[in-house]
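Hey, can you work out the whole structure from these sequences and the hints?
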Amino acid sequence: MSSFEHMHHAHCESGVMSSMLRHYGLNISEPMVFGLSNALNFAYIPFVKIGGMPLVAYRSMPKSIIKNIKKNLKIDMKLETFSSVKKGEDRLDELLKEGKIVGAQSSVYWLEYFPKEIRFHFNAHNLLIYDKEGDEYLISDPVFDKSVRCSKKSLSKARFAKGVMAPKGLLYYPTHMPKEVDLKPVIVKNIKKLAKNMLRTPVPIAGLRGIKYLAKNIAKLKNKDKKYAKLFLAHVVRMQEEIGTGGAGFRFMYASFLQEASELFNNDKVLAEASKMMLAVGDEWRDFALMIAKSLKSKKEIDFKSISQKLLDISENEAKVYKKMLQFKANI
Amino acid sequence: MDINSVPQDESSTYASMKKAIYASDDEGKLTSVASSGWDVEEIATKMALDDIDESIKEAYEEVKAGKKSPLYYHMYASRMDLLVLSQSSGFFQWSIKRHFKPEVFSKLSEKKLLEYCDVLGITLDEIKVLPEVNDE
Chain A
1 MSSFEHMHHA HCESGVMSSM LRHYGLNISE PMVFGLSNAL NFAYIPFVKI GGMPLVAYRS
61 MPKSIIKNIK KNLKIDMKLE TFSSVKKGED RLDELLKEGK IVGAQSSVYW LEYFPKEIRF
121 HFNAHNLLIY DKEGDEYLIS DPVFDKSVRC SKKSLSKARF AKGVMAPKGL LYYPTHMPKE
181 VDLKPVIVKN IKKLAKNMLR TPVPIAGLRG IKYLAKNIAK LKNKDKKYAK LFLAHVVRMQ
241 EEIGTGGAGF RFMYASFLQE ASELFNNDKV LAEASKMMLA VGDEWRDFAL MIAKSLKSKK
301 EIDFKSISQK LLDISENEAK VYKKMLQFKA NI
Chain B
1 MDINSVPQDE SSTYASMKKA IYASDDEGKL TSVASSGWDV EEIATKMALD DIDESIKEAY
61 EEVKAGKKSP LYYHMYASRM DLLVLSQSSG FFQWSIKRHF KPEVFSKLSE KKLLEYCDVL
121 GITLDEIKVL PEVNDE
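So the protein sequences, as listed, match chains A and B.
Under the working numbering, the first residue of the first sequence carries the number 1, and numbering increases by one thereafter.
Under the working numbering, the first residue of the second sequence carries the number 1, and numbering increases by one thereafter.
Hint data in this document are derived by calculation from the structure and do not stem from the laboratory.
It is possible that part of the hints are untrue.
[As the list claims (entries may be wrong)] Not the full set, but computed from the structure, chain A residues with beta-carbon under 8 Å of chain B:
id: 1; residue: G51
id: 2; residue: P54
id: 3; residue: F144
id: 4; residue: L231
id: 5; residue: E241
id: 6; residue: M253
id: 7; residue: S256
id: 8; residue: L279
id: 9; residue: G282
id: 10; residue: K324
Glycine included, C-beta positions come from ideal geometry on N, C-alpha and C.
This is the structure in structure tokens:
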């Protein structure tokens, strides 16, 4: 029997990393992983399409949490991709036999334990494989409240799905874990880094500039085909709420990180305040989603202008949080 | 968000799944809470699903009428579109569009068909025809 303990998390990648670190003795919460890996972001990329709609992301690039945790906490980790399905399958079995728990990238569409309602072609879903029984893998999928089982066939199909962000069978696991990590310097560095990233993005499609860019495009929807406009708005909400954890969810998680960080720095007031502000911004993102849902349901003309304005307000209020974060002075 | 405001709307699109969300408890401490769904999200997901279903139905009719090859139907049935099919199969979009023509499709080599079968997750027998009952 494996002594692995499944935990329910808000997001797949930060969840996998938190469970993995915990299993190997570093007790680091999911929000802490999220904060330490600088994962919060925003991007609106009109020229990258998902299901015919522009990409809207509320966090950093897939795999960046794994890579940043590895780098920032100085953990030796191995990331392996495979040239053939067979090699990828054999390697997974080998690692499990060694008693390791293994992170994997997969496509949601091919994972049989996902409900059909949310099985879309999304190739950057992360999960943890902790054991095998017969031809079935025991999986800790962080976004499920209980651990699940998956057939070899389904898992292989998911690990070797093709297309954008193809996982190529990616497996990852630590090879050496420090006994203790001083989180404080990492926290200080990443809080500053994130605030600067969001406030001073060099490109107009990311950070707060990205939010404003999306707001502008929402205002322009009134001249577009009605059906397209509706699907566009629904898409923004889906990217925000259904995929991963969403815009609000990530803001709530970051607020939790800021709170935890505040406690580590003797209840630092600036961080505690920033946490409260971020929590409030998360609520605003939910209001924004609610506003869209209501107008999608309503028979009245959609008020694109006020939806767009709401988003501009959010970007202003989010900016205040990042400015607050920059006021943080650590005495370490 | 306050833990008491975490929506528990038992959304059909969650299919009894629960999602974890961080919310603030009575003492202001942020903690993870399981949510059974949110109506707002359900509306958005359903719109996307309805849109997909519509495409599948339209494709089914077009294939049935002999205007398009079965590949066209199977693409939508696998929740793909031209872009995703092109990205996952490696075929150019223009060449896939040619394969949507029944006369071109019927002459496709087994090798090419098998590549489509692989990304669509169906068999060689299945890809050549429409399914008997359209249960989508």
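Cross-check of the supplied hints:
Taken as an interface hint, A:G51 checks out: its beta carbon lies about 6 Å from the nearest beta carbon of chain B, inside 8 Å. Hint status for A:P54: violated, given a least beta-carbon distance of 12 Å to chain B, over 8 Å. The beta carbon of A:F144 comes within 7 Å of a beta carbon in chain B, closer than 8 Å, and the hint placing it at the interface holds. Checking A:L231 against chain B by beta carbon gives a least distance of about 6 Å; that is within 8 Å, so the hint holds.
Annotation: interface hint on A:E241 holds; nearest CB of chain B at approximately 4 Å, less than 8 Å. Taken as an interface hint, A:M253 checks out: its beta carbon lies about 5 Å from the nearest beta carbon of chain B, inside 8 Å. For A:S256, the interface hint holds, since its Cβ comes within 8 Å of a Cβ in chain B; the closest pair sits about 4 Å apart. Taken as an interface hint, A:L279 checks out: its beta carbon lies about 6 Å from the nearest beta carbon of chain B, inside 8 Å.
Using the Cβ-Cβ criterion of 8 Å, the hint placing A:G282 at the interface with chain B is satisfied: the shortest such distance is roughly 6 Å. The closest approach between the C-beta of A:K324 and any C-beta of chain B is roughly 17 Å, which is over the 8 Å cut-off, so the hint fails.
Violated hints, in rising order: 2 and 10; the structure is consistent with all others.
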